Amino acid sequence: MSMNNQGRPTSSGEAFPASIATISGDRGLDHEEPLIFELGHGAAGVDLPDVDVADARLGGQRRKGAIGLPGLSEPEVIRHYVRLSRMNYAIDAGLYPLGSCTMKHNPRLNEKMARLPGFGDLHPLAPQSTTQGALELISQLMTWLTGLTGMPAVAMSPKAGAHGELCGLLAIRAAIAARGKNRKRILVPESAHGTNPATAAFAGFTVDEVPAKPNGHVDAGALKAKLGPDVAAIMLTNPNTCGLFEGEVKEIADAVHAAGAYFYCDGANFNAIAGKVRPGDLGVDAMHINLHKTFSTPHGGGGPGAGPVVLSERLAAYAPIPLLVADGKGLRLIEDMTAAPDGTKPFGRMCAFHGQMGMFVRALTYMLSHGRDGVRQASEDAVLSANYILASLKDVMSAPFGDGPCMHEALFDDAFLEGTGVTTLDFAKAMIDEGYHPMTMYFPLVVHGAMLIEPTESESKASLDRFIHVLHTLASEARAKKTERFAGAPHLAPRRRLDETAAARKPVLRWKPEALKQAAE
Amino acid sequence: MSMNNQGRPTSSGEAFPASIATISGDRGLDHEEPLIFELGHGAAGVDLPDVDVADARLGGQRRKGAIGLPGLSEPEVIRHYVRLSRMNYAIDAGLYPLGSCTMKHNPRLNEKMARLPGFGDLHPLAPQSTTQGALELISQLMTWLTGLTGMPAVAMSPKAGAHGELCGLLAIRAAIAARGKNRKRILVPESAHGTNPATAAFAGFTVDEVPAKPNGHVDAGALKAKLGPDVAAIMLTNPNTCGLFEGEVKEIADAVHAAGAYFYCDGANFNAIAGKVRPGDLGVDAMHINLHKTFSTPHGGGGPGAGPVVLSERLAAYAPIPLLVADGKGLRLIEDMTAAPDGTKPFGRMCAFHGQMGMFVRALTYMLSHGRDGVRQASEDAVLSANYILASLKDVMSAPFGDGPCMHEALFDDAFLEGTGVTTLDFAKAMIDEGYHPMTMYFPLVVHGAMLIEPTESESKASLDRFIHVLHTLASEARAKKTERFAGAPHLAPRRRLDETAAARKPVLRWKPEALKQAAE
Amino acid sequence: MRYLPLTPDDRRAMLARIGAQDVDALFRDVPKPALAPLSVFNLPDTQGEMEVERALSKLAASNVAAGAAPFFCGAGAYKHHVPSAVDHLIQRSEFLTSYTPYQPEIAQGTLQYLFEFQSQVALLTGMEVANASLYDGSTATAEAVLMAQRITKRGKAILSGGLHPHYAETVETVAGLFGPMTRSAVTPGSAEDIIALIDEDTACVVVQSPDVFGLIRNLRPIADAAHAKGALLIAVVTEVVSLGLLEPPGAQGADIVAAEGQSIGNGLNFGGPYVGLFAAREKFLRQMPGRLCGETVDAEGRRGYVLTLSTREQHIRREKATSNICTNSGLCTLAFTIHLSLLGEEGLTRLARINHAKASALADRLAALPGVEVVTPAFFNEFTVRLPKPAAPVVEALAAKSVIAGVPVSRLLPHDKTVEKLLILAATETNTDDDFAALSSALNGALA
Amino acid sequence: MRYLPLTPDDRRAMLARIGAQDVDALFRDVPKPALAPLSVFNLPDTQGEMEVERALSKLAASNVAAGAAPFFCGAGAYKHHVPSAVDHLIQRSEFLTSYTPYQPEIAQGTLQYLFEFQSQVALLTGMEVANASLYDGSTATAEAVLMAQRITKRGKAILSGGLHPHYAETVETVAGLFGPMTRSAVTPGSAEDIIALIDEDTACVVVQSPDVFGLIRNLRPIADAAHAKGALLIAVVTEVVSLGLLEPPGAQGADIVAAEGQSIGNGLNFGGPYVGLFAAREKFLRQMPGRLCGETVDAEGRRGYVLTLSTREQHIRREKATSNICTNSGLCTLAFTIHLSLLGEEGLTRLARINHAKASALADRLAALPGVEVVTPAFFNEFTVRLPKPAAPVVEALAAKSVIAGVPVSRLLPHDKTVEKLLILAATETNTDDDFAALSSALNGALA
Ligand SMILES: Cc1ncc(COP(=O)(O)O)c(C=O)c1O
Ligand SMILES: Cc1ncc(COP(=O)(O)O)c(C=O)c1O
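Chains as they are written, first to last, in the numbering used here: chain A, 1 to 521; chain B, 522 to 1042; chain C, 1043 to 1490; chain D, 1491 to 1938.
Bear in mind the hints are in silico, worked out from the structure with no lab data behind them. Predicted model, so just to flag it, every value in this text is computed and none were measured. Where is the CB? At the ideal position from N, CA and C, for every residue including glycine. Hints are supplied without guarantee of correctness; some may be wrong.
Straight-line C-alpha distance at most 35 Å; calculated DSBU-like pairs for lysine-lysine [said to hold, decoys possible]:
#1 A:Lys-461 - B:Lys-1033
#2 D:Lys-1522 - B:Lys-771
#3 D:Lys-1907 - B:Lys-705
#4 B:Lys-747 - D:Lys-1719
#5 C:Lys-1325 - A:Lys-226
#6 A:Lys-184 - A:Lys-224
#7 C:Lys-1362 - A:Lys-250
#8 A:Lys-329 - A:Lys-226
#9 B:Lys-771 - D:Lys-1719
#10 C:Lys-1195 - A:Lys-512
#11 B:Lys-734 - B:Lys-747
#12 A:Lys-250 - A:Lys-181
Between beta-carbon pairs, the in silico distance windows are [claimed, not checked]:
#13 D:Ala-1686 - B:Ala-779: 49 to 55 Å
#14 D:Ala-1718 - C:Asp-1051: 43 to 49 Å
#15 D:Glu-1772 - B:Ala-983: 49 to 55 Å
#16 D:Thr-1677 - B:Gly-851: 52 to 58 Å
#17 D:Glu-1772 - C:Glu-1093: 39 to 45 Å
#18 D:Glu-1772 - B:Leu-845: 25 to 31 Å
#19 C:Arg-1059 - A:Ala-177: 42 to 48 Å
#20 D:Asn-1532 - C:Glu-1438: 44 to 50 Å
#21 D:Leu-1775 - B:Ala-779: 53 to 59 Å
#22 A:Arg-179 - C:Ile-1358: 32 to 38 Å
#23 C:Pro-1079 - D:Ala-1890: 52 to 58 Å
#24 C:Glu-1438 - A:Glu-209: 49 to 55 Å
Looking from chain A toward chain C, a few residues come up when the C-beta cut is under 10 Å (computed) [unchecked claim]:
#25 Phe-37
#26 Leu-39
#27 Tyr-81
#28 Gly-300
#29 Ala-493
Start from the sequences, fold in the hints, and give me the full structure.
Here's what the structure looks like:
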């Protein structure tokens, strides 16, 4: 057998005799791992004194039964989580082209800064004289966010993108109410992310879908036709979820404003244009910024994030408490509606305390590291990389909206798989065997069998080339009906395909002690 | 197919069609990774200004050619090392029963403490008034080391066990010289670790091997017979490398002393007796302590460690500089031979500065966490666990030195493999497929095909039981000549067996730029 | 720029393959006037790691960290000792830099810990099911009220006066859109008669225990009264360590539990990120907000985990979803579950007892100061005292002496003059006798 | 105890299987009087993590960290900025808690980075081969002299007066057993005529450049002279960053290079752990000490790495080994190689230029102070000044004002009165203009 110079096999290795399972169930460096509850055996991973306390001050509420938590020593706990971690894919280990999710590099410096005791060990209600550095950090971040967006104000407390959407819509609601109006309808393009309609409903509005044009852009004509006295706002994503810039955005904004409504922009894709285009120049009234996407807080298996919302002059007054103000003595938080400064009419409060400080530290660290020039370059590189993928794969995969250019993500549909017996899902799962996380699938809903690829600016050209080569080959094989790789993929991951139907049919959502389980039967 | 409640398959999964290699060469979460030199493409993982400097103060020595280092951005560098790491086995991921190596749990607190700026960012030659906390830490650690060993003095600067051996032998050499003697011979049992004879030679002595008795203990009679006026010292490991306590140690020490020689004890196995037995009570004159074994500095893929040497009254005066003394103003380092206090005659210096402070912090953290009671319990648990393994496997594997008890490691030989076609190496490699790191093999040299298992105190009973089950099954299968698992194992690791002969025959020890390579051809 | 792998050469080659002249050609859909030159952005240029670290460190150093002074703040966020293993493990690349586990075959690590997290939360709260986290305790409380509104098809919610005012405001802001929110009046340190407020229009009663003044509440009678009127009891817990010593809400008839999980595994972080715990009775499962992880098998019959019941969620159900939440508190749940695994049954119950003992000792000590009255008779690790003076200036005066004395109630309820002398203090396992001595002597000085 | 998984029940069950009555039965080979009761150990009992952390933090806080003051110490250990990615990566469990890669199939991660490290060290030093590390620069230098003694079968070594005195003492302590060690006298800031000392008995000449006083040496003539007499030139580098700007020893005829790698990737750590770099000409390969990692293929023909040429090492060769070293600087080599990978060609050369520029600026500034004379004419990032007073008390006086002014030569050579006014100062990329200003004003004050 020959080898190439990177140690990659030119043919697959002898497999372990298929007839033989390992004794342990583990396989080399791949360990199976029981539930922590199955491992617990009454040990403890902490050493705490066994203090006795009287009932006197417990109001008769002392716990009667045991909790049922498993007990393990520290080494066992560490091994458990290290083994679990090894079953995960991660950006740090490979390209993670999840469209709309912006899996970019997460600098380690950000993590280090967020852990400085002056930030990480600071109480939200500590006397404000002892938190001036934290308030200054928030203030600097606000300057960056308003500076990059060209908007006059920003509400910092929303805890993620969807929470930011809610914040924006509540500000719009308050502004409409202040005008003595009652507008209930929100226009949402059908390509919108699920949080948009969900948030509109959450904020007490009704949702009216706006169709997309065959070229992937929102149908501005249809949109304008839907405007009316009961329309509170539109929620437009720009760049949109097809990875396209809505070129008619300014006209749309003008029409919306003319109709007395507001323009909410979903800023989840701001990473394509940060440092290039200011949403404030496009007529936007409110836009959330996913700090965990554009400004690189690690996704952490699902969170946490932060979703500050920039606001136009028309909405700024309605920003929720807390508000940050500067006075003679330094920076100060206004934490109560009744104390709101003149001219402001906060619509309420999004959450306890002042927002996701941990993410603020990371975002500011990211911004200071990149600088305005680096932020701009990152946007350009993200767009360039997506177009490079589009240009390199459009011959074998099908790009529903033509040859581009696209913005920061390249969208394909499943037309090229038609008649091959391979589905979008199969295609994605075959990528897993190749060492890649699949792209976003079946979103946006406006194209059939969508595959949305967002490479971000964090991949080298060599990495992109390798990815393109693999996808090109996979697509070619699928088209040639060589389907072995696809049927039943993934073959090489910690698990084969999981039965999601069974999971939903009879949900098992927690471990139960034997006693409880038996009782239930 | 059925499943048991821990997700372990009851039979092996369908293999990926053996005829199909992946396109990428990667397989699921297992990525192949090129050399960093093959990845470099002129990017940079740091942002530093391009400062111009004049030649004026460079003494005509400005570099003429390029260095040839690869250039990568931070995300590429992180991915490279994360991928490499995933090809490694680690204690954190599984039982690591390497005999003599003491792969015990490495508490994370130790890592955190070693990184406190007051330790990690402290210069060794900073003014001593600004390093009193560091000196106090060393002093506390010295109290622990002398307290646990019952020895009056300790030299802190040796940088690992072997360096400690050298320190001990040089102290002995100095003590002999001070007596006006010239003794050249050092007695070393044949079961000794390789560093013992190597160090003796390094220190200018000749080595005289002492045979072992059939029961694995040193032959005290033979040893005594070898004593004579040219014998400088014996180097005895206790507990010895067969995992046995040398019960005749006191008599040996007495005989050695009577012959005018010194007793060097290899303390690598101190973890079996710490908090139970004080080497000072056994007549030891010098003993190194591998802080990275007994006191849990992580092994870090080969180092760093620390090897402080405790010294008897007879040797204390010869400890090398630096010396730590207390005076009116606090603690002070004596860093120069000419400044040595009265009554001391340092034999020299082991290294620049004051030893492995990073390991000192970890060791003291470990000691304060365990306390004397925890140190004792750890030793007992280590011994208990080894005996448990011995008792559980002696029916199928062969224990050369009978039924025990042993100390902290269980020694087996390859007698049980005789005639099976399975070698110790095969057996070990089959363990890799089962998700285990093999035990130490072919050491100690006194038994044939040695397999030395050191579970340490860090494994739960469930973990030991699983390990025993796997080894028991493997041994039974080998004895039954079911050899499929063994032939050519490992099958499931990142690499199959590597060709070590080829590596040594035509050594390729570094990457070379193409130009250099071609020039060489 | 150190984070950007593409070199100028790479960019040229890529543009050539694309067939674009320059990168701005790719931005051709952007209306020309909106394509801004760099100079439009009045912001600093790129800096090296060392310079950035210096700038951030300077900001951090101008705050007084909780660990840097005798420290007694609580009121919804608590200083606890988090074992060093937690932060090490959550920084594993595979946890830190992975997304929501949408591809379960290569996300079993995340999925399994979420399943374990859900199980732990259910056990702790005494409830049947728990989700995979919400943003924090306050937003979880708001979601609980919305859920109760959906379940009961009623609008009105009764918020106990002992509910953290920030929580109450958060609830009012969102659930107030769907019905009236009634805050019951309370005297700090005692329980109001909330039962009297429950009527046939009531969707839910929201009661925090221990309440914001530290008082341990008895939930059972409220649960019974609510149920009698077809309303739900939502129990709120801001100090989750208390569940190691106190009867869980599930055992007292709560229908939904919303809690702040910060105390376990997570730092103070100046207010976020925290982790919202959300548990409910199983019969309400399909009305729950947030992600759920469930057990299943793979194609080879091996046990595995997946996100499930996502027909409740925005990405499937859109405007009909039970919530708009997408990104949640992922990594904070991991910190929570690791810390709780380290504690185990014995550790958590001991920790809870230590907290109570510390707070009791502090209460005794403060009660002995002239003019200081402890107004909370039954508490876990936090209680309220009445000072002879307004509390806020006292706290500032002590801060100037590097003693962080607690949270003046006026910080939470600035418009209520009747509470201005009240101070909420928390004591945890991190407080030493020296801290207590420093506080009482400083307080004595400030009150003299 | 939190680190010990066995419970009392487990222990009982295990003893039962073993057939031992109690654990002391397992210690039956220990002579009875030596089996000590716990009370014999006059040491503290177990403590929780928080208490231990508090005790250690207190010790740490009573030191002045280099980053906490204007700081100018060098003389063999240097303060550099280490990118945060380095420490994150070396703490990956798979790197941190793995052993020496004796099982290559499951240690390719370690082996590959060792191979890369060896390659980087060879490139940096301009040598043909490098090993996988020794303890530190000083012990590497000692090993180099021993190796030269073996190769040349001669005993005598000539140590330049510019060699760090700690290094010289380390060499003398071990290599002095096998032949005479001659230290040449030197005037700080100038190069001695070492060539005159080389004779037919000389195994090697050991020259450090930049030397301990900061002076850049010209090695080529020394190499030629040594080779002419059949001796080897050992070049020593204590500040490895200098190789980003200066001609490498390999280009000047060095036979062996021993260097301290701390500056790249590793913290000051009060002196250790550091990382000894060791490189040589290929023809001396089989006389090299320490581990070597080599490329090979596996049974399927895939490229892989193994430890190789271990017939040189103690575990195979025992008393005939080239060195007794076993544990080396593993994790420090990883930190080194990661930092160097981040730097790359451009980063390292820029870093080196910045260091030289900083030191030059500092030298100019100090030269301007009355009575202060810069005695090192050519230097990298470190130089020596003569003060009008003994340097040690000046340094202590400045330390009291929180300026860490450098290393007085008397600290290294306390018995030599001629150097007592000399002070060695290093400036690196971490020093700011504010640092320089603080130093010169403090120094001015102390000298007035
Ligand atoms: C287009 C879009 N909008 C909104 C969101 C919601 O943001 P978050 O997950 O932070 O709540 C997302 C996140 O996936 C998104 O991609
Ligand atoms: C018995 C014995 N002695 C000595 C040593 C050498 O210690 P070190 O590797 O710290 O130099 C070892 C290490 O493996 C050992 O096991």
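Hint check results:
Of the pairs offered as hints, the one joining Lys-461 (chain A) and Lys-1033 (chain B) holds, with about 23 Å between alpha carbons and a cut-off of 35 Å not exceeded. Restraint check for Lys-1522 (chain D) and Lys-771 (chain B): satisfied, since their Cα atoms lie roughly 11 Å apart, inside the 35 Å limit. In summary, the hint linking Lys-1907 (chain D) to Lys-705 (chain B) is not supported, as the alpha carbons are separated by about 39 Å, beyond the 35 Å threshold. Proximity of Lys-747 (chain B) to Lys-1719 (chain D) is assessed by CA-CA distance (about 44 Å); at most 35 Å being required, the pair is judged violated.
A distance of roughly 40 Å separates the Cα atoms of Lys-1325 (chain C) and Lys-226 (chain A); the hinted pair therefore is violated under the 35 Å criterion. Between Lys-184 (chain A) and Lys-224 (chain A) the alpha-carbon distance is near 17 Å, which keeps this suggested pair within the 35 Å criterion. This hinted pair checks out: Lys-1362 (chain C) and Lys-250 (chain A) have alpha carbons roughly 31 Å apart, not beyond 35 Å. At most 35 Å may separate the alpha-carbon atoms for a hinted pair to count; Lys-329 (chain A) and Lys-226 (chain A) exceed this at roughly 50 Å.
Taken as a hint, the Lys-771 (chain B) and Lys-1719 (chain D) pair is broken in the structure, with Cα atoms around 53 Å apart against an allowance of 35 Å. Taken as a hint, the Lys-1195 (chain C) and Lys-512 (chain A) pair is honoured in the structure, with Cα atoms around 32 Å apart against an allowance of 35 Å. With a CA separation close to 15 Å, the supplied pair Lys-734 (chain B) and Lys-747 (chain B) stays within the 35 Å bound. Between the alpha carbons of Lys-250 (chain A) and Lys-181 (chain A) the distance comes to roughly 25 Å, so the proposed pair stays at or under 35 Å and holds.
With their beta carbons about 52 Å apart, Ala-1686 (chain D) and Ala-779 (chain B) fall inside the hinted range of 49 to 55 Å. As the Cβ distance of Ala-1718 (chain D) to Asp-1051 (chain C) is approximately 48 Å, the hint placing it in 43 to 49 Å holds. Judged by the Cβ atoms, the range 49 to 55 Å given for Glu-1772 (chain D) and Ala-983 (chain B) holds: they are separated by roughly 51 Å. A beta carbon spacing of about 35 Å between Thr-1677 (chain D) and Gly-851 (chain B) contradicts the range 52 to 58 Å that was offered as a hint.
Taking 39 to 45 Å as the suggested C-beta distance range, the pair Glu-1772 (chain D) and Glu-1093 (chain C) conforms, at roughly 42 Å. At about 43 Å, the beta-carbon gap between Glu-1772 (chain D) and Leu-845 (chain B) misses the expected band of 25 to 31 Å. At roughly 53 Å, the beta-carbon separation of Arg-1059 (chain C) and Ala-177 (chain A) lies outside the given 42 to 48 Å, and the hint is violated. In this structure the supplied range 44 to 50 Å holds for Asn-1532 (chain D) paired with Glu-1438 (chain C), their Cβ-Cβ distance being about 48 Å.
Between Leu-1775 (chain D) and Ala-779 (chain B) the Cβ separation comes to about 46 Å, which falls outside the hinted range of 53 to 59 Å. For the hinted restraint 32 to 38 Å between Arg-179 (chain A) and Ile-1358 (chain C), the CB-CB distance of approximately 36 Å keeps it satisfied. Taking the beta carbon of each, Pro-1079 (chain C) and Ala-1890 (chain D) are about 53 Å apart, inside 52 to 58 Å as hinted. At about 54 Å, the CB distance of Glu-1438 (chain C) to Glu-209 (chain A) agrees with the hint of 49 to 55 Å.
Evaluation of the Phe-37 (chain A) hint against chain C yields a held restraint, the C-beta minimum of about 7 Å falling below 10 Å. Given hint, Leu-39 (chain A) at the interface with chain C, holds; its Cβ is 9 Å from that chain's nearest Cβ, closer than 10 Å. Checking Tyr-81 (chain A) against chain C by beta carbon gives a least distance of about 5 Å; that is within 10 Å, so the hint holds. Because the beta carbon of Gly-300 (chain A) sits about 3 Å from the nearest beta carbon in chain C, less than 10 Å, this interface hint is met.
The restraint placing Ala-493 (chain A) at the interface with chain C holds, with a minimum CB-CB distance near 4 Å, inside the 10 Å limit.
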